[in-house]
Amino acid sequence: MLDVKELTVHYGAIEAIHNISFSVEEGEIVSLIGANGAGKTTILKTISGLIQPTSGQVSYYDKAIEKESAKQIVKEGISHVPEGRHVFGGMSVLENLEMGAFLRKDKEGIKRDLKRIYEYFPILEERRKQDAATLSGGEQQMLAMGRALMSRPKLLLLDEPSMGLAPIFIQGIFDIIKEINKEDTTVLLIEQNAKIALQIADRGYVLESGEVVQTGTGKELLASDAVQKAYLGG
Amino acid sequence: MSSFMQQVINGLSLGSIYALIALGYTMVYGIIKLINFAHGEIFMIGAFVGYATIQFLNVGLIPALLVAMTASALLGVIIERVAYRPLRKSSRITALITAIGVSYLIQNGMIQWVGPNVRSFPQVLTNTRYDLGFFSISRIQLIIFGTSIILMIALQLIVHQTKMGKAMRAVSMDPEAAQLMGINVNHVISFTFMLGSALAGAGGVLVGLFYNTINPTMGFLPGLKAFIAAVLGGIGIIPGAMLGGILIGLTETMVVAYGNSLLRDAVVFVILILILLVRPSGILGKTTKEKV
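Those protein sequence lines, which keep their order, are chains R and Z.
The numbering of the first sequence is numbering that gives the first Met the number 0, which starts it at 0 and goes up by one.
The numbering of the second sequence is numbering that gives the first Met the number 0, which starts it at 0 and goes up by one.
A hint or two may mislead.
As the list claims (entries may be wrong) - Here's a subset of chain Z near chain R, in silico, CB distances under 8 Å, partners left out:
| hint | residue |
| --- | --- |
| 1 | Met-4 |
| 2 | Ile-8 |
| 3 | Gly-164 |
| 4 | Arg-168 |
| 5 | Asp-173 |
| 6 | Pro-174 |
| 7 | Met-180 |
| 8 | Gly-181 |
| 9 | Ser-260 |
To be verified - What follows is a list of derived Cβ distance ranges for each label pair:
| hint | chain 1 | residue 1 | chain 2 | residue 2 | range |
| --- | --- | --- | --- | --- | --- |
| 10 | Z | Met-163 | R | Pro-121 | 29 to 37 Å |
| 11 | Z | Ile-152 | R | Asp-130 | 52 to 60 Å |
| 12 | Z | Ile-96 | R | Gln-191 | 54 to 62 Å |
| 13 | Z | Val-113 | R | Tyr-117 | 56 to 64 Å |
| 14 | R | Gln-191 | Z | Arg-80 | 54 to 62 Å |
Everything labelled a hint here was simulated from the structure, so no lab data went into it.
Where a beta carbon is used, it is the ideal one built from N, C-alpha and C, also for glycine.
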């Protein structure tokens with residue numbers, strides 16, 4: 000479904016990622032794990048069209064998308080939940096969700112999806128009129144995910160969904176990710192919290208200073224010595 | 000008492016014009032963090048287009064307003080496209096200096112083209128005064144109030160009810176996240192310039208009507224005062240611009256009526272200094288905190 004080949008991205012003169020290749024098959028949950036500064040966020044931003052790569056290809060259903068605009072990429076079914084949530088403060092929870100459906104015109108479908116998102120995250124329905132900036136971190140994460148789902152993505156990109164959340168919220172969020180995946184949304188997840196990310200992943204890639212150093216199924220990576228040492232504290 | 004009420008009415012009508020202009024400053028700032036110093040010139044062009052429409056096409060006030068608003072909107076969009084967009088990624092000071100440059104370019108371009116002379120604005124309506132006991136209100140003042148209120152309500156509806164208006168707020172909050180929704184940020188920015196400039200154009204026609212005269216440098220001082228109004232209310236905040244405009248208009252009128260009319264401009268700038276010292280985020284501004 001998504002095929003990233005030899006991707007290299009620079010910020011000015013600095014190389015953020017180097018020659019990265021990986022793929023995501025339809026229906027999978029794939030996790031990219033790695034420490035801060037490994038280039039994870041850069042990869043997602045490049046896929047969603049916020050950054051142009053220096054070289055390499057991103058193909059989506061065998062079509063090159065690395066030169067397409069962010070708008071076109073949303074239209075084709077890739078939706079990105081950015082690191083740090085980035086909900087629209089000053090706008091209500093409902094307005095935030097409506098923004099997620101910005102490119103859609105099917106009013107009935109939007110209504111149905113809104114209902115579906117309220118089922119995933121009942122707290123959002125309760126707070127639909129509240130300013131998004133007043134939500135807690137965990138609620139903002141739910142809102143950011145709900146907002147991304149409102150575009151009806153085939154592929155959902157999640158950047159550090161566990162960041163800054165209490166453990167009880169983290170489990171809840173990851174349960175929902177599994178559920179979303181079961182309902183036909185492919186998930187590409189990046190995380191510093193390697194343990195939880197690999198537990199739900201079909202496959203994973205380990206990144207270090209901008210390069211893929213290891214790959215395997217979630218279980219294999221969880222069991223591997225290198226991953227244990229580097230990310231799981233033993 | 001009655002003379003005080005009279006001054007309040009005068010202040011409110013001047014203030015609602017400042018508010019119309021201040022809205023453009025504040026919306027543009029809200030979305031690209033640029034003080035568009037050419038905004039006063041867009042206001043001036045609005046006045047001239049209104050003048051030309053009435054003078055040469057012999058139409059009434061409403062068509063003249065609409066033509067002036069359209070022309071100003073177009074000018075605003077062109078300025079953004081030509082002068083500001085190529086500098087979107089440069090430092091803010093670069094864009095600011097460019098804005099000042101554009102301001103002088105338009106001002107001097109108009110002096111070159113139509114001459115520096117003051118023209119009298121054609122009187123499209125007889126200016127009767129309505130006596131309401133405590134105070135009287137002129138027909139032109141009523142038109143200024145009516146037009147400003149209608150435009151501000153329309154603006155609120157656009158910003159809060161339409162998809163484009165919501166996209167505008169989303170972009171001003173977080174341009175990158177807005178892009179991830181599939182919002183074309185360039186379109187939204189053009190749309191913002193269009194709205195803000197149309198309001199300034201309407202303000203230009205109303206000022207022409209109110210003061211009876213127009214000239215190519217007329218945008219300078221009202222432009223600065225409207226900018227101060229926007230800062231006073233809280234730059235980037237739409238209701239703040241309305242409030243700031245009204246307050247500046249009232250203050251200026253009161254200074255003329257009960258103080259020294261020579262100080263009318265100075266007092267407004269003193270307000271700017273005070274607000275920057277005491278409450279730089281403006282009356283309605285909040286210091287924003289990001290939640291982690």
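Taking the earlier hints as the rules, which of them does this structure contradict?
1, 2, 3, 6, 9, 11, 12, 14
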